[in-house]
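First to last, the protein sequences are chains L and A. Each residue of the first sequence is one higher than the one before, counting from 137 in this note's numbering. Each residue of the second sequence is one higher than the one before, counting from 137 in this note's numbering.
Keep in mind that the hints are not guaranteed to be accurate.
Remember, identical chains collapse to one label, so a pair may be satisfied in a single copy or spanning two.
Said to hold, decoys possible - No farther apart than 20 Å at their CA atoms in a straight line, the calculated lysine to aspartate or glutamate pairs in the EDC-like style are these:
(1) 187 <-> 221
(2) 228 <-> 163
(3) 187 <-> 266
(4) 246 <-> 276
(5) 246 <-> 359
(6) 228 <-> 185
(7) 169 <-> 219
(8) 228 <-> 183
(9) 187 <-> 233
(10) 187 <-> 209
The set of hints was computed from the structure by calculation and includes no laboratory data. Please read these numbers as outputs of a predicted model, since none were measured by experiment.
Protein chains: 2
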Amino acid sequence: MAVRVVGFDGDDTLWHSETRFHMTQGEYRELLKRHVPDADVDARLAETEMKNLGIYGYGVKSFTLSMLETAIELTGGRIPAADLEVILGWGKRMLMEPTELLDHVEQTLKQIAGRYDLLLITKGDLFDQESKLARSGLGDLFLGVEIVSEKSVDSYQAILRRRGIAPGEFVMVGNSLRSDVVPVVTLGGQAVYIPYEVTWHHEHVPDDQLPRQGWRRIAAIGELPAVLEVL
Amino acid sequence: MAVRVVGFDGDDTLWHSETRFHMTQGEYRELLKRHVPDADVDARLAETEMKNLGIYGYGVKSFTLSMLETAIELTGGRIPAADLEVILGWGKRMLMEPTELLDHVEQTLKQIAGRYDLLLITKGDLFDQESKLARSGLGDLFLGVEIVSEKSVDSYQAILRRRGIAPGEFVMVGNSLRSDVVPVVTLGGQAVYIPYEVTWHHEHVPDDQLPRQGWRRIAAIGELPAVLEVL
Numbered sequence: 137m138a139v140r141v142v143g144f145d146g147d148d149t150l151w152h153s154e155t156r157f158h159m160t161q162g163e164y165r166e167l168l169k170r171h172v173p174d175a176d177v178d179a180r181l182a183e184t185e186m187k188n189l190g191i192y193g194y195g196v197k198s199f200t201l202s203m204l205e206t207a208i209e210l211t212g213g214r215i216p217a218a219d220l221e222v223i224l225g226w227g228k229r230m231l232m233e234p235t236e237l238l239d240h241v242e243q244t245l246k247q248i249a250g251r252y253d254l255l256l257i258t259k260g261d262l263f264d265q266e267s268k269l270a271r272s273g274l275g276d277l278f279l280g281v282e283i284v285s286e287k288s289v290d291s292y293q294a295i296l297r298r299r300g301i302a303p304g305e306f307v308m309v310g311n312s313l314r315s316d317v318v319p320v321v322t323l324g325g326q327a328v329y330i331p332y333e334v335t336w337h338h339e340h341v342p343d344d345q346l347p348r349q350g351w352r353r354i355a356a357i358g359e360l361p362a363v364l365e366v367l
Numbered sequence: 137m138a139v140r141v142v143g144f145d146g147d148d149t150l151w152h153s154e155t156r157f158h159m160t161q162g163e164y165r166e167l168l169k170r171h172v173p174d175a176d177v178d179a180r181l182a183e184t185e186m187k188n189l190g191i192y193g194y195g196v197k198s199f200t201l202s203m204l205e206t207a208i209e210l211t212g213g214r215i216p217a218a219d220l221e222v223i224l225g226w227g228k229r230m231l232m233e234p235t236e237l238l239d240h241v242e243q244t245l246k247q248i249a250g251r252y253d254l255l256l257i258t259k260g261d262l263f264d265q266e267s268k269l270a271r272s273g274l275g276d277l278f279l280g281v282e283i284v285s286e287k288s289v290d291s292y293q294a295i296l297r298r299r300g301i302a303p304g305e306f307v308m309v310g311n312s313l314r315s316d317v318v319p320v321v322t323l324g325g326q327a328v329y330i331p332y333e334v335t336w337h338h339e340h341v342p343d344d345q346l347p348r349q350g351w352r353r354i355a356a357i358g359e360l361p362a363v364l365e366v367l
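Just need the whole structure built from these sequences, with the hints factored in.
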């Protein structure tokens, strides 16, 4: 079956996201080290984030709330409110930053938009993702936008059904094996994996749990048009 | 044109929401009064929320972040971190509370579900709204769920188009004149307004800006089946 629809992940596939979390987390680590020099700030924050994932979901607001909680806990409540205000400010800064596209994204999308229907399928905070898309200038290239709370077999299936897309004519492009590749291939679709320079540990998949076929790895989005031709 | 599809708002139409914000805000007021007895806590919090709406969007996480910001500002940074931790805990409590349906919601939806296609169209935080719907037990009654960041003419139009619904065969049911009535009637659809006991000031619409026709007010959802018959 010929490829008709190409789905794109947003964060770290079309625009930079994780590097910003890393940058903020670096500042956060420095701030907390002043109060608790011996603490393993990164490990504690990751623990809090995982614990809160089922309550808060993904996104910058969730990250900010988890940073605040971890800061209060690690310092035994001794951190001054002024420092917590700084953390609040980092969250806002992340939400307001301009959307910085990865290299060659715009040209590549324009190149393939006439040939395939493009969907943006991204997880995270609805408000933040819509705002990022609006600031990206890419909105008009997509036939549709789907923001989901979790990228699972069920959520992809719901999207394909609702839009009348057969799995065999669908290719998902993204930087997460866990969210963009495994569930789509499980459904009978295909996937193109483009690793990003930094990947959140939560998105890792052990090699032996990866599908044997149905997906390819490329180094950069500029290679996508040629790969789509041969899928 | 006969009514074929009925859209329902979620918060304060199907389940209680605003009363919980009010309850938390009452506790918040008491907590802050201990530090700043003369402050107009509610006014300052409302100001912060409005200022942050374009950055955070709607929802409990946004509300929690605005409570923290206001607390730090109002106390000039003197509030102890332990009190801020209490505020963080209120946010989590709100997100984890069981979904409490309004009276007669379940019977009414079951009564009309065989006759019309039902959609849930709600704004706010994607993760929180999906979680509330899952806990409500009402999920199976809806043909579809649409969570939007803002209920505007454009967002309703996009939903109706995508689903192939003519405005003339669509009725929206909700507790907000601003979000559930005005944009739908503007589009050529109809609306049924069911006021809730508490309405967020942001949702008020001056009388002279209300549409003259195309909508009705009822006192409770139990009246809906009879009203739908005569629309």
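Against the structure, the hints:
1. In this homomeric assembly, residue 187 and residue 221 come within 20 Å of each other (Cα to Cα) only across copies, at 16 Å, whereas the closest approach inside a single copy is 23 Å.
2. Taking identical chains as interchangeable, the C-alpha atoms of residue 228 and residue 163 lie at most 20 Å apart only when both belong to the same chain, with a minimum of 14 Å there against 26 Å between chains.
3. In this assembly of identical chains, residue 187 and residue 266 lie within 20 Å of each other by CA distance solely across copies; the values are 19 Å between and 26 Å within a copy.
4. Taking CA atoms no more than 20 Å apart as the test, residue 246 paired with residue 276 passes inside one copy only; the shortest distance there is 10 Å, against 40 Å between copies.
5. Taking the closest pair of Cα atoms, residue 246 and residue 359 come within 20 Å of each other only inside a single copy of the chain (14 Å); across copies the shortest separation is 52 Å, beyond that limit.
6. In this assembly of identical chains, the alpha carbons of residue 228 and residue 185 lie at most 20 Å apart whether taken from the same copy (18 Å) or from different copies (13 Å).
7. Taking identical chains as interchangeable, the C-alpha atoms of residue 169 and residue 219 lie at most 20 Å apart only when both belong to the same chain, with a minimum of 12 Å there against 22 Å between chains.
8. When the C-alpha separation of residue 228 and residue 183 is checked against a cutoff of 20 Å, the pair qualifies only between copies, where the shortest distance is 16 Å, while the shortest distance within a copy is 23 Å.
9. With identical chains, the CA atoms of residue 187 and residue 233 are at most 20 Å apart between copies only, with a shortest distance of 17 Å across copies and 27 Å within one.
10. Proximity of residue 187 and residue 209 under a CA criterion of 20 Å is satisfied intra-copy only: 14 Å inside one chain copy versus 29 Å between copies.
Checked against the numbered hints above, the structure breaks none of them.
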